[in-house]
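There are 6 protein chains.
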Amino acid sequence: DRGIRSATPEEIRAGLTADVYFVGTQQILQHLHKQEQVVAAEVFANHAGILAGVEETLALLAPLPVTVEALEEGRAVAEKEVVMRITGRYGDFGLFETAILGILASSSGWATAAREVVEAAHPVPVFSFGARHVHPAVASVMDRAALVGGAQGASSILGARQAGETPSGTMPHALLLMVGDTVEAARAYDQVMPPEAPRVVLVDTFKDEAEEAIRVAEALDGRLGAIRLDTPRERGGVTPGLVREVRARLKQAGYPDVGVFVSGGLTPERIIALKEAGVTGFGVGSYIAAASPLDMTMDLKMVEGRPVAKRGRIPGLTDNPHLTVKLANAPEMRG
Amino acid sequence: DRGIRSATPEEIRAGLTADVYFVGTQQILQHLHKQEQVVAAEVFANHAGILAGVEETLALLAPLPVTVEALEEGRAVAEKEVVMRITGRYGDFGLFETAILGILASSSGWATAAREVVEAAHPVPVFSFGARHVHPAVASVMDRAALVGGAQGASSILGARQAGETPSGTMPHALLLMVGDTVEAARAYDQVMPPEAPRVVLVDTFKDEAEEAIRVAEALDGRLGAIRLDTPRERGGVTPGLVREVRARLKQAGYPDVGVFVSGGLTPERIIALKEAGVTGFGVGSYIAAASPLDMTMDLKMVEGRPVAKRGRIPGLTDNPHLTVKLANAPEMRG
Amino acid sequence: DRGIRSATPEEIRAGLTADVYFVGTQQILQHLHKQEQVVAAEVFANHAGILAGVEETLALLAPLPVTVEALEEGRAVAEKEVVMRITGRYGDFGLFETAILGILASSSGWATAAREVVEAAHPVPVFSFGARHVHPAVASVMDRAALVGGAQGASSILGARQAGETPSGTMPHALLLMVGDTVEAARAYDQVMPPEAPRVVLVDTFKDEAEEAIRVAEALDGRLGAIRLDTPRERGGVTPGLVREVRARLKQAGYPDVGVFVSGGLTPERIIALKEAGVTGFGVGSYIAAASPLDMTMDLKMVEGRPVAKRGRIPGLTDNPHLTVKLANAPEMRG
Amino acid sequence: DRGIRSATPEEIRAGLTADVYFVGTQQILQHLHKQEQVVAAEVFANHAGILAGVEETLALLAPLPVTVEALEEGRAVAEKEVVMRITGRYGDFGLFETAILGILASSSGWATAAREVVEAAHPVPVFSFGARHVHPAVASVMDRAALVGGAQGASSILGARQAGETPSGTMPHALLLMVGDTVEAARAYDQVMPPEAPRVVLVDTFKDEAEEAIRVAEALDGRLGAIRLDTPRERGGVTPGLVREVRARLKQAGYPDVGVFVSGGLTPERIIALKEAGVTGFGVGSYIAAASPLDMTMDLKMVEGRPVAKRGRIPGLTDNPHLTVKLANAPEMRG
Amino acid sequence: DRGIRSATPEEIRAGLTADVYFVGTQQILQHLHKQEQVVAAEVFANHAGILAGVEETLALLAPLPVTVEALEEGRAVAEKEVVMRITGRYGDFGLFETAILGILASSSGWATAAREVVEAAHPVPVFSFGARHVHPAVASVMDRAALVGGAQGASSILGARQAGETPSGTMPHALLLMVGDTVEAARAYDQVMPPEAPRVVLVDTFKDEAEEAIRVAEALDGRLGAIRLDTPRERGGVTPGLVREVRARLKQAGYPDVGVFVSGGLTPERIIALKEAGVTGFGVGSYIAAASPLDMTMDLKMVEGRPVAKRGRIPGLTDNPHLTVKLANAPEMRG
Amino acid sequence: DRGIRSATPEEIRAGLTADVYFVGTQQILQHLHKQEQVVAAEVFANHAGILAGVEETLALLAPLPVTVEALEEGRAVAEKEVVMRITGRYGDFGLFETAILGILASSSGWATAAREVVEAAHPVPVFSFGARHVHPAVASVMDRAALVGGAQGASSILGARQAGETPSGTMPHALLLMVGDTVEAARAYDQVMPPEAPRVVLVDTFKDEAEEAIRVAEALDGRLGAIRLDTPRERGGVTPGLVREVRARLKQAGYPDVGVFVSGGLTPERIIALKEAGVTGFGVGSYIAAASPLDMTMDLKMVEGRPVAKRGRIPGLTDNPHLTVKLANAPEMRG
Ligand SMILES: [Zn+2]
Ligand SMILES: [Zn+2]
Ligand SMILES: [Zn+2]
Ligand SMILES: [Zn+2]
Ligand SMILES: [Zn+2]
Ligand SMILES: [Zn+2]
Ligand SMILES: [Zn+2]
Ligand SMILES: [Zn+2]
Ligand SMILES: [Zn+2]
Ligand SMILES: [Zn+2]
Ligand SMILES: [Zn+2]
Ligand SMILES: [Zn+2]
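Chains as they are written, first to last, in this note's numbering: chain A, 9 to 343; chain B, 9 to 343; chain C, 9 to 343; chain D, 9 to 343; chain E, 9 to 343; chain F, 9 to 343.
Any given hint might turn out to be false.
[Unchecked claim] No farther apart than 30 Å at their CA atoms in a straight line, the calculated lysine-lysine pairs in the DSBU-like style are these:
hint	chain 1	residue 1	chain 2	residue 2
1	E	Lys259	D	Lys215
2	B	Lys215	A	Lys215
3	C	Lys334	A	Lys215
4	C	Lys215	B	Lys88
5	D	Lys259	F	Lys88
6	C	Lys259	B	Lys88
7	C	Lys334	B	Lys88
8	B	Lys215	A	Lys88
[Claimed, not checked] A few chain F residues that face chain A, going by a derived Cβ cut-off under 8 Å, partial list only:
hint	residue
9	His55
10	Ala218
11	Pro264
Keep in mind the hints are simulated off the structure, nothing from the lab. Positions of the beta carbon are idealized from the N, C-alpha and C atoms, including for glycine.
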C-alpha cells in the first residue's frame, strides 16, 4: 500500500528504513573478515529530557542475538547520559541504528513536552490531542509517549486504547454544524452515548460560550459532565476571564459541578493561568506533537574487548548504574 | 505486530488513528436522520509554508465517494490559504479528518524546513539525513517531503528509492571503528562498491580531518568523490575554516576535484557560511526532522448548499482559483 | 462649590492656580523698584508634537496689557521650537505662567496623541472617547484638543458641541442590561431617536457579536447605520478576525452596508490591523486621554531691551518666522 | 467664560461633561416604562494603584437619591478590585458615569505616581510641582491627589491651601533675571517675606551653583533655609555629584545646615540616587502630572434584584468587605 | 633603571622582551642541524582595522639578515589580511616574533580607534590626549599611531614633536587652582607664551563655564584662540547645549571667533553631537588609549621552499599584491 | 634609538613623556611668584579595580623633594577611592602627572583583568601570555601587573624573571613546522632542556590533538609534564569536550599524570568551563593585555594649607586611613 507512504512494521524489521550507508557495511566487514567481531554500542541523549520508546526498541531488537541494557521509560535523563547499550555482532544490529535512534528520539521528545504541560497543569489532568498534527502512522506512538510523560488520556483511538480508556465523550465542530444547533446535537449525543460515558459538549460553535453552556446544561438536566471551550484565535482564544465567567454563570444557573475542558494552542504558561481560573481538564495538541525530537547518538565504544571511540568521544564503556539488562542474547565478546 | 507501535496502512484506512470523538458522530447523525447530508469541508494552513502530503492524502481518500479539490504538492501556500476541499457525505470521510490533517501538517512542516535549507545551500545540493530523528514508520514520509521541498536525495533506503537514487556511497563511524583505520576501510569500500557509486569517505573518526583526507585521496588514487566532514560539537563542529583548509590542502596534494560533503547540526545560517567556504554537498538532519508541523485546520463550510461556519470563520466556500479537482466521486449536494 | 475641586474660570483668571512662588515676586520687584520693567518671555516645547491650547491661552491673556506672538493651533512643532512669545510688564502676566504652560502642555499632549491615531486610521474617522479617563472639568478641553489633532468627533456633550455634532447615536451597556435584550433596546432607540441620527448599536453585551449583529440588522430593517464592537479583554478584545467575520456574516445576511465601529484599548498598531479588516469608525479613549503633556518651558529672554537668559539657555529673542502677532497691548520696551 | 474651555462645577453637575450617548438613555427607558428600575453599578480599577477622588465623587453624588459604598481615599487597590458601588434608579445617576470615572481615574493615577516618588524619597519630603504640566482647572485636583499619595506639599496656591501650607518660599528664574543678580534678589526676598517663611533660594540662574550657594548663604547670614537646584538638562541636570559638592562646600564655608532642594525631571530612580547624596527636599513635576489615569470601569451588576452583567463580567454584586456606606439615599430595590 | 620597569630599546633589540619559549628554540634547531633553514613567516590581522607600527617594526628588523615585505602604515586592512612577510633563517628573527606582533598590534589598535574618532569629528580636528592613560614608555608610540590614524596633534611632548607641533597652548587645572582665578592665570599665561602659540584657556575650574569664557575673552582682548571645556561627569560633562550656549554668549559679548575645544570621555557618538553644536577641536583620551590591540598572528608558511602551516591555516604563501619589499637582506631559500 | 619609538627611563625621568601643557606651567608660576607654594594632590581611580604600578611610581618620584602616601599594590580599590597623595612644590612634581597617571592606570587595568581570570581559574594557575599583544617596551610592565593581580608566571623573559621563574618549557608552532614532526621536536627539546625544566609540548600543529598527545607521551616516556592545547578558532578552538577526551585517552594509554595546559582567546567564562573539564594550567593573553586602563585622575586639593578643588570635586584632603607614607621629602606646607 505505497499510496500511504509510511513503513509497515515488517518493513521496519526488514531494515528498509535504515540509512542506506548501513547496507554496504556488512559487505565490507566480510571482505575484511571482521563480520564476527562482537562490539558494544552506546546510545546517549544530546539534551536532558524524559526517556520514552524503550519498550518499542526492545521489541524491535528482541529477535536478534544481542544483549541490551537500558534505562526505564519515563525516567528523566541528563544531557549526554547513556540510555541504552547494545552488545553483539555489528552485522546483527547495525542496520537498525537509524530505527533505534528514531524511535527513542521521537518518543522521548514527545514525552518531554508532555511532562512539561503535565507539570504545569498538575493536578488538573492533561489529554493528548495531538493526533491531527502528526502522520497517522505515528499518532498512537505519540499518544503512548504522552502517557509515559504523564498525560491521563489521548484522543486517538489507538492512543486511547493504550490508556485503557473507552472512547471518550466529546464531539467535533462538524457534527454541530450539520445539526445546526448545539442543544439539539447535545440531546442526540446524550441519547446515543452509553450511560457511563461522560458528556462533554463543545459550546463555541454558534453562540456566546456562556449562553450556550447554560442552554446545554439545562437541556441535559444534570447529566452534563463538562463543557469544552476551544474558542479560535480569531475570537481571542480561551482566556482565563472567559473560564471564570462561564464557571460563575453556570454556578448562578444552578450547575456548579459542570467542568470546563479547554483545548486550543495550549502552552505551559497559558495552562498555569487557565488552571487558576478553574479549568478541570486540558486537551494539548501542538505543544506535544510539535516537540523537537530529543536527539540521540549511538557510538561504538568496545570492539572485541578493546575500548574505541571516534574523535570527540571517550573510548570504552560509560558507567551508568541505572542501566539494567533487558535482553541477554549476545555471543560473548573476545578481548 | 504491536511491539512496533506505529499504525499500518490498513489500520489507518480502517480509521483506527482517528480522534475518538469522530466515532459517535455517525451514530448521532443517523439518530437525527442527517446521515445523507452532503457537505463541503475546507482545509487551510495556519501559517505560510510549502505544501506536501497531498498525494498521500488523495491515496487515502481515493476509495471513498468524495470529490476532492487540492493545490499541488510543493506549492508555497499563504497563511490561511485553503489547500484542499472535500465534498461528500460527512459519514463517508469525517473519520479521516485526523489522518488527513496529520499527513498534510507533518509533510508540509518537513517540506517547509527543507525548502529553507535548500534555498540557503543553492546551488549546492542538500540531502535529507533526518531519518535517525523520526520514528522509522515515517522516515520515508519525511524523506519524501524533503524531496518535495527541494532536497536532491535522502539517506533512508525507502527515501532514497523515492528519489530514484541507488544506495549512495558513504559509511558509518561504526565501520571505521571496527576496521580501525580510515584508509583500510576506504580501500575495502572501494573494492566492494559498484564502480558507478560515488566514493564518499568519512574522515573525522581517528585523525585530523585534513591529514586523513589526503591519506584517503592517495589511497583511492583518483576514485575518491568526496570526503565527508561530520566533526562533533565536542571538537568544535565543522567550521568554514576547516572546509577551506581541507580543500586547500587537498588541492596542494594534487586532488583539487575531491568534494567536501558536510553534515551535523546544519542550519540555514551555517549552510550559508559553509557554502562560501567551498562545501559541495550538505546532509541535513535535525533541521528538517525537528521542524514543527505546519498546522492545518479542517472547517465545514457548506451543508447541503447552505453556507455554514463555526464562530471565528466565514461561512461558505472560500475562493481559491489554484484548487484543481483531483477526485470526483461525491454524490450531488442538494441546496 | 469646593466639593468639586476643579478651579473655575474665575479662579484661573484670579491667579489662584498659579505656583505659589509667583505671589511674592511682584512684592519683591516693587521693593526693588523694578515693577515697571518690560520683559519678553518665550515658551518652547521640550519635545516635538502637535500644538494646541493656543486659543484658550490667548483668551486668558486677552484682558492683560501684553503683546503675544504665537504659532497656529494644530501645527507640528519641533523640539525646542518657540511656540509663543509674551511681551509686557512681568507683574502683569507672570502670575499666569503656570496656567499658560498647563493649558499648552496638556492640550498639545492630547492633540499629539490624537494625531497619531488619526494618521494610523486614515481615512477611517476617529472619535475621541476619552472623557471617562480625565477629570470632567477638562473633558471638553481634551475633546477640543483631539479635534485639533484631527479627530472627527468626540463623545462628551461639550466636546461634541465643539465639533458641531448633534448628540450622536449609540448606547451604553447599562441600557442594554436594564432592557435585557439587544434587539428590544435597539427597537426602542430607533423609535425614540430623531430620524437623521445614525443608528449605532452595541452588540457585545449578551450574545455572540455576529449573531447579535444580524438580529439587530433584521430588527431595524435597513435603518441600522453600524454595529459597535467593544468586546472586553476578558473575551479577547476586538480582533481583526472578529471584524472580518461580522462583516462577512452581515453581508451574507443581506446587510453589506452596515458599518463596524470599534472601541476599547485602541492603539495605532491595533488600529492599523483593524482598519485592514474593514472597520468604518474608531472610538479612541485612553490612548488620547492618557497621553503625557507635551511639556513646555517659559524663559525670560529680554529685560528692557537687554538679552538675558538663565544658564543653559541662549540670551535674547529666538528667531521663528512662523510666529504671528495675536495680541498687541504691551507698553513699549525701553532698551 | 468659554474663552477658558474647562467646565465649571455647575456644568459638571448639570451633566454637560457626560458622554453624549447617556442623553438618549433616559428617554428610551421611559419609552419602555423601565425608568423606575433600581439598579446597582460597580466601579473597579483595571490596574493596581492608589485610590483617590472618592471624596470629590461623593460630593458630586450627594444631592442624588442614591446609595454609595466606597473604599477610603489613599488605599492601595488591587487590579479589578471594586472601589465603589452605586445603587439607585439608573436615570438618577447614569448621566454621571463619565464624570465619576474621570474623577476617580485621573485622581488615582496622580496619587499612584505620587506614592511611587514618595516611597523612593522616604524620609525626605516630596512636593508636587506639577501644576505647570496640567490644565489650570485641574491643577489643584492633581495637587490634592498628590497629597493623598503622600506628598507633603504642593506648589499651586489652591494645592498648597489644601495641604494647610502658607505660600512657601522660593522664587522663579524670571525674578532673578529681572533683578540681574542672585544675591540682590535673595536679599530683597529676605526683607519682604514674613519671618516664619523658610528662605529657599534658586542658585542655578547665573553662576556656578556652588559659588552662588555660598554667596547667598553669606548674604542671608544664617537665615537661608535651603538652596534650590534645578539645573537644566542642557547643563547636565542635577547630579548626585553636584549635590555632594554643594553640600561639602557649604559646610566648609560654615553653613552645614543649609538644605538642598532639588527639582527638574525627577523619577524614582534619580530620587534614590540624589537622596543618598544629601538632598533635603524634592519638587516633582512631570512624573506625577504625566501619570496615566488609573482606568476605571463601571458595570451594572444588579437590576431590581436580578444579577446581570455584560459578557466578560460575572453577574451580581462582587464581595469586597472594605466597602463602607458613604451615602444612603436610594429607593429600595425590588427583587 | 629597573625602578622604571619598561624595557629600553637596547633590551628590546637584545630579545629580552620575547616570550621565553623562543629561547630554547635555536638550541633545538642546532641540535637537529636545522638552524640554516630559510623560512617565510606571515603576519595577519585577526580583525579589520588601520595598520600602524610598520616603520617601527622595520627599524627593529633592519639590522638582521632578513627580507621584509609589508603594507603601508595607515592602510585599512581586512580581517585575516597578510600585513607583513618576513623571510630569513628562523634563528635570525624568531626571537623577535613577540616584539613584532606587540608593536603592530598595539599601534594598529590605537590607530584604528583614532580613525574612528577622526571620521566622526571630520572636518573638526582631533588631538590625541591619551598619554595619561598609558605607560609613559609608550605614550609617544600611541601618539604616533593616533597621527597615523588621522589625528592632527598629540598632547605628549614626544608625541607633539612627531606631529611637528610646537608645544601647544593650554593649561592644567592645577595651575588655575594655585593661582586661584582663571583670569589672572590666563593673563600670566598670555604674557609668558610666545606670541605665535594659540591661547587656549580652560574655563571649567572655578565658575560657570559661560561666565568664565567671557571674563577670559575680555581679559585677553582678542588674543584668546579658544576656550577649553572639560566639565567633569559630576557636573554633567560637556553637553551640546553647553557648547551652543557658550558660543552664543561669546558671540553676543563680541567674541564670535573664539573657538571651543572639548575634552573628557569623548566617543564617536558624543563627538558627532558636539560637532553639530559648534566645537572647533576635540581632545580624545581614553577612547584611543584604551583601544584593544588589533591582534596579530605570525605563521610560518614556507620552510626551504616547502609550503607549511599548522592545522587551521593554509600552507604556503598568501597572495597579497599590496605587499611591497621594505628590506631585502635574506639569504636565498632553497627548495 | 628613535627607530624604536618607545621612551627610555631617562626620557621619562626627564619629563619628555609629559603632556605639553605642563611645560609652560612652571614659567607662569614663576611669573606670578607662586613657584614656592606647597600643594597636595590626590590621585583617585574612576572605577573599582586592583591597584598596581605603585612601586614603579614611587621609583619615579623617589629623587624628588616630595612626600608620597599611597595604598599597597594588589589592593582592591573602590570607585573614586584615593590611591595616592603627593605633597610638595607643584613645580617639583607637576611635570610627572602624565607619567604617574599612565603608570598607575595601565598597570591597574592589567592587574584588574588578571585578577578576574585568576579568580575564574582558581585553584588552577594562570600565566600571563599577553606579551605579543602589547608594545615590547611595556611587556614586562604588563607581566609584572599580572603577577600583582595573581598570575603565577608570565611568558616574557623579563616578566618571567620578575616571577622568579626560570625560562619555562614550551615551544613555538614555528619550531614544530621547521622540524616537521611533533615527536621529533619533542625528543630534541627533551634532550636539550635542563632536567629540572618541565616538559610542555604543543600538540595541535600537525595531527589530531589526542593522537599527538599520546605519541608525545610515549616518546618522552614519563618525562612529559603537560601537553599544550592552543587549537585555533578555525578548528573550533579548545573546547571542554576536547580537554575531557584528551585527558581520558592519555589516562587509558597509561599517562594519567600528564597535565593539560590551554591557551588561546581565554575569558573568565571559558576558563570556568575548561577548568571543570580538567585543565591544569591556563595561558591568558589578550584578556589581560587588551584590558582597558583603570583610568586615574589627579586633583589638587590643598594649596599652602588652603583646601581647594576644581568644580565637581570637594575641596580639601580626602580621608583614607589605608594610605601610608612611602616617601617623606616634601618641604613643609604653610597654611
Ligand atoms: Zn471551537
Ligand atoms: Zn540537539
Ligand atoms: Zn563524525
Ligand atoms: Zn500554528
Ligand atoms: Zn462592550
Ligand atoms: Zn519632556
Ligand atoms: Zn533652574
Ligand atoms: Zn489600562
Ligand atoms: Zn576640567
Ligand atoms: Zn581578536
Ligand atoms: Zn596552536
Ligand atoms: Zn572610566
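Hints and how they fare:
1. E:Lys259 with D:Lys215: OK: E:Lys259 and D:Lys215 at ~19 Å, within 30 Å.
2. B:Lys215 with A:Lys215: 69 Å, violated
3. C:Lys334 with A:Lys215: 60 Å, violated
4. C:Lys215 with B:Lys88: It holds: about 27 Å lies between the C-alpha atoms, which stays within 30 Å.
5. D:Lys259 with F:Lys88: Satisfied, since the Cα-Cα distance of roughly 21 Å is no more than 30 Å.
6. C:Lys259 with B:Lys88: 21 Å, holds
7. C:Lys334 with B:Lys88: 58 Å, violated
8. B:Lys215 with A:Lys88: 23 Å, holds
9. His55: 38 Å, violated
10. Ala218: 7 Å, holds
11. Pro264: Constraint on F:Pro264 not satisfied, violated at 14 Å.
Of the numbered hints listed earlier, those contradicted by the structure are 2, 3, 7, 9, 11.
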